[in-house]
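Novice: Chains U and S are the protein sequences, given in the same order.
Numbering of the first sequence is given in our numbering, commencing with residue 1 and proceeding in unit increments.
Numbering of the second sequence is given in our numbering, commencing with residue 1 and proceeding in unit increments.
Because the hints were derived from the structure by calculation, they are not lab data.
Hints should not be assumed to be uniformly reliable.
If you want the footprint, here are the derived chain S segments under chain U, 3+ residues with CB under 8 Å [claimed, not checked]:
hint: 1; stretch: 49-56
hint: 2; stretch: 72-85
hint: 3; stretch: 106-112
hint: 4; stretch: 122-133
Pair ranges (Cβ atoms, derived) [as the list claims (entries may be wrong)]:
hint: 5; chain 1: U; residue 1: Ala7; chain 2: S; residue 2: Thr18; range: 40 to 50 Å
hint: 6; chain 1: S; residue 1: Ala133; chain 2: U; residue 2: Ala7; range: 18 to 28 Å
hint: 7; chain 1: U; residue 1: Thr274; chain 2: S; residue 2: Gly113; range: 35 to 45 Å
Listed below are the simulated PhoX-like cross-link pairs for lysine-lysine, each with C-alpha atoms no more than 25 Å apart in a straight line [claimed, not checked]:
hint: 8; chain 1: U; residue 1: Lys391; chain 2: S; residue 2: Lys13
hint: 9; chain 1: U; residue 1: Lys3; chain 2: S; residue 2: Lys136
hint: 10; chain 1: S; residue 1: Lys80; chain 2: U; residue 2: Lys250
hint: 11; chain 1: U; residue 1: Lys391; chain 2: S; residue 2: Lys136
hint: 12; chain 1: U; residue 1: Lys3; chain 2: S; residue 2: Lys13
hint: 13; chain 1: U; residue 1: Lys3; chain 2: S; residue 2: Lys84
hint: 14; chain 1: U; residue 1: Lys92; chain 2: U; residue 2: Lys3
hint: 15; chain 1: U; residue 1: Lys91; chain 2: U; residue 2: Lys230
Source: prediction; values computed, not measured.
Virtual Cβ for every residue (Gly too), placed ideally from N, Cα, C.
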Amino acid sequence: MFKESIAIALRALVANKLRSILTMLGIIIGVGAVISMVSIGMGVKEKVQNSIASLGSNMLIVTPGAASSQGVRSASGSSTTLTLEDAEYIKKTIQGIDYVSPSVSKSYQIIAGNQNWTTTVYGVTPEYMAIKSLTVGSGSFVSQPDINSRNRVAVLGATVAENLFGEMNPTGQNVRINNAPYLVVGVLDSKGQSSMGQDQDDIVLVPLTTAQERLVGITYLNSISIQVTKMEGMDQAQEQITSLLRQRHKINGTKEDDFTVRNLTSIMAMMAETTGTITLLLGSIGAISLLVGGIGIMNIMMVSVTERTREIGIRKALGATYRDIMLQFLIESVVIGVLGGIFGIFLGILSAFAISTFGGMNTVISAVSILVPFGFSIAVGLFFGIYPARKAALLDPIEALRYE
Amino acid sequence: MGITLKEITKCYKIGEETVAALAGVSLEIENGEFVAIMGPSGSGKSTMMNILGCLDRPTSGSYLLEEQEVATLTDDELAKTRNKRIGFVFQNFNLLSRVSAWENVALPLVYAGIAEKERLNRAAAILESVGLASRKQHMPNELSGGQRQRVAIARALINEPSIIMADEPTGNLDSRSSVDIMRIFGDLNEQGKTIILVTHEPDIAQSAKRVITVRDGLIISDEVKEQYHV
Numbered sequence: 001m002f003k004e005s006i007a008i009a010l011r012a013l014v015a016n017k018l019r020s021i022l023t024m025l026g027i028i029i030g031v032g033a034v035i036s037m038v039s040i041g042m043g044v045k046e047k048v049q050n051s052i053a054s055l056g057s058n059m060l061i062v063t064p065g066a067a068s069s070q071g072v073r074s075a076s077g078s079s080t081t082l083t084l085e086d087a088e089y090i091k092k093t094i095q096g097i098d099y100v101s102p103s104v105s106k107s108y109q110i111i112a113g114n115q116n117w118t119t120t121v122y123g124v125t126p127e128y129m130a131i132k133s134l135t136v137g138s139g140s141f142v143s144q145p146d147i148n149s150r151n152r153v154a155v156l157g158a159t160v161a162e163n164l165f166g167e168m169n170p171t172g173q174n175v176r177i178n179n180a181p182y183l184v185v186g187v188l189d190s191k192g193q194s195s196m197g198q199d200q201d202d203i204v205l206v207p208l209t210t211a212q213e214r215l216v217g218i219t220y221l222n223s224i225s226i227q228v229t230k231m232e233g234m235d236q237a238q239e240q241i242t243s244l245l246r247q248r249h250k251i252n253g254t255k256e257d258d259f260t261v262r263n264l265t266s267i268m269a270m271m272a273e274t275t276g277t278i279t280l281l282l283g284s285i286g287a288i289s290l291l292v293g294g295i296g297i298m299n300i301m302m303v304s305v306t307e308r309t310r311e312i313g314i315r316k317a318l319g320a321t322y323r324d325i326m327l328q329f330l331i332e333s334v335v336i337g338v339l340g341g342i343f344g345i346f347l348g349i350l351s352a353f354a355i356s357t358f359g360g361m362n363t364v365i366s367a368v369s370i371l372v373p374f375g376f377s378i379a380v381g382l383f384f385g386i387y388p389a390r391k392a393a394l395l396d397p398i399e400a401l402r403y404e
Numbered sequence: 001m002g003i004t005l006k007e008i009t010k011c012y013k014i015g016e017e018t019v020a021a022l023a024g025v026s027l028e029i030e031n032g033e034f035v036a037i038m039g040p041s042g043s044g045k046s047t048m049m050n051i052l053g054c055l056d057r058p059t060s061g062s063y064l065l066e067e068q069e070v071a072t073l074t075d076d077e078l079a080k081t082r083n084k085r086i087g088f089v090f091q092n093f094n095l096l097s098r099v100s101a102w103e104n105v106a107l108p109l110v111y112a113g114i115a116e117k118e119r120l121n122r123a124a125a126i127l128e129s130v131g132l133a134s135r136k137q138h139m140p141n142e143l144s145g146g147q148r149q150r151v152a153i154a155r156a157l158i159n160e161p162s163i164i165m166a167d168e169p170t171g172n173l174d175s176r177s178s179v180d181i182m183r184i185f186g187d188l189n190e191q192g193k194t195i196i197l198v199t200h201e202p203d204i205a206q207s208a209k210r211v212i213t214v215r216d217g218l219i220i221s222d223e224v225k226e227q228y229h230v
């Protein structure tokens, strides 16, 4: 009986081709809208998640605050109170942290042979590699002996290496930074652009002590990055670091901190949550058009039932039961939903592709973002088909046969 | 066996008033009879036909069809009864316009749960027996009135019902086709089918072996022809 009902439904849909297609269009657009809208939202979410991953997980960043002398406050980061001892103290006393990576940075012109390139030079410790998830392509990274003896060694980012040495391997070569020669000990693997569009390969790394004493000539730090072992320990670590630094910098009572501890993961987590909400919102807009498409199905099915009253009467006179007629019309509306859903998937994928190609937005399509609207379109066909199908199935055969 | 009606009434509410379309009809029809029900319009003959055809339930009374009480069946049980025991032939043919003669004939078997292959084989055989073997693939609108009515008769016969109900079967036909159709009914009756014919044309009623006249919801005459033997 089920097979026959499908055949009857398909035949009825084919008999009214234009009408069926127009009805289906509501579902096609609805499903297509949900898929493409959600793909945009998920694209944004993916970007945010990538940037979280590129930051390294569970990161706290301590930066100096604004220096103030006699009431005049300078730019943020100008305070000179954050020192290497602070970093070492944090590492020693705070529980539940993996790495502490102090760093200084300043922009310099780098010269190799007849090439030059201006970039940011970072003074770092070996922990920097782990905390930024860097990998060395050739050669080695800044080592503890380099730190201890303030060696003039440098590790180049991929962009810097390419600009100064081209195809050649820079390891073992010399570069001049601020007119002093540095031995290139390694080249980093490319990390590409950050989420903010910054080239993460445009850096040069030197030992922290070398940078502080031989290059920049300072005793303080520009930042301390701290990786916390567990996500749950982030807030606690942030509090402990704040009170430790206040104590060490002798900041009492209500006086403002001369440093800032930022919890990047929590900022990113919040951004991810926001993008989740955006996805939901975009999806709901699509879902509304799907719902409107469903009402279109109901409308057409009502017309179809009225138009075919006589057919229903004939079928009933010949022995069709309530269930037979119900099934016939219900399958018709479900078939509209299913076919509309299938074409809608194509439309959705196509428009998501078009948005990323011509609109320049990142779009992501997943199995869930296809299957959920598809399931929804079937459910819509079913739900909005019930009332018309029931109306058909409840028709009195005598009245229906008499219908002109 | 056959049909037994006992004190059947059928009332309709029209506004405040209750109108009795049938006011207590008792009737017995044996298997193999050829009965014409006659009466002017509004006499209650259509109501009687609907109840006899299990399309409708009486307000009161008892209707035994093949020794089974059908006056109290549910809608779905009535549908099953119609499917198995009764074949309908209507004045305006009532064929599905979008499907071929062949599939129109096979339609009752769909609701009897018969597989497609057998349905089509049986439909082909029945169409042949009414002389339409060459018209199987034709759509109803490609057939003449007489041919359409023969398709309808084939459809009525396909599930081998014991009773054929014909409601003004010649009402939309020219006189030559009418004679053809009535001959088919005569032949079917010879083969043992019970034929119940509703008509207001005395000529057509004359082909039957028993003529029942209805007026104002009551049977006013029930006349069996002399040459009639059960």
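Novice: Does each hint hold? Answer for all of them.
Specialist: Going down the list of hints, with the structure as the test:
Coverage of the stretch 49-56 of chain S by chain U holds [criterion: at least 3 residues with CB-CB distance below 8 Å; count 4]. Check result for the stretch 72-85 of chain S against chain U: holds, 7 residues qualifying (beta carbon to beta carbon below 8 Å, three or more required). Proximity of the stretch 106-112 of chain S to chain U, defined as three or more residues with a beta carbon under 8 Å from a beta carbon of that chain, is established by the 5 residues found. Counting residues of the stretch 122-133 of chain S whose CB falls under 8 Å from any CB of chain U gives 0; the rule of at least 3 is not met.
About 45 Å separates the C-beta atoms of U:Ala7 and S:Thr18, a value consistent with the hinted range of 40 to 50 Å. For the pair S:Ala133 and U:Ala7, the supplied restraint of 18 to 28 Å holds, since their beta-carbon distance comes to about 24 Å. Take U:Thr274 and S:Gly113: their Cβ atoms lie about 57 Å apart, and the range 35 to 45 Å is violated. About 22 Å separates the Cα atoms of U:Lys391 and S:Lys13, which keeps this hinted pair within 25 Å; it holds.
For the proposed pair U:Lys3 and S:Lys136, the alpha carbon gap of about 23 Å is at most 25 Å, so the pair holds. For the suggested pair S:Lys80 and U:Lys250, the alpha carbons sit about 95 Å apart, so the restraint of at most 25 Å is broken. Taking the CA atoms of U:Lys391 and S:Lys136, the gap is near 33 Å; set against the 25 Å cutoff, the hint is violated. With a CA separation close to 41 Å, the supplied pair U:Lys3 and S:Lys13 exceeds the 25 Å bound.
Only pairs whose Cα atoms come within 25 Å are accepted, and U:Lys3 paired with S:Lys84 is accepted, the gap being roughly 21 Å. Simply put, U:Lys92 and U:Lys3 have alpha-carbon atoms about 75 Å apart, too far for the 25 Å limit, and the pair is violated. The hinted pair formed by U:Lys91 and U:Lys230 meets the criterion: a straight-line CA distance of about 16 Å does not exceed 25 Å.
Violated hints, in rising order: 4, 7, 10, 11, 12 and 14; the structure is consistent with all others.
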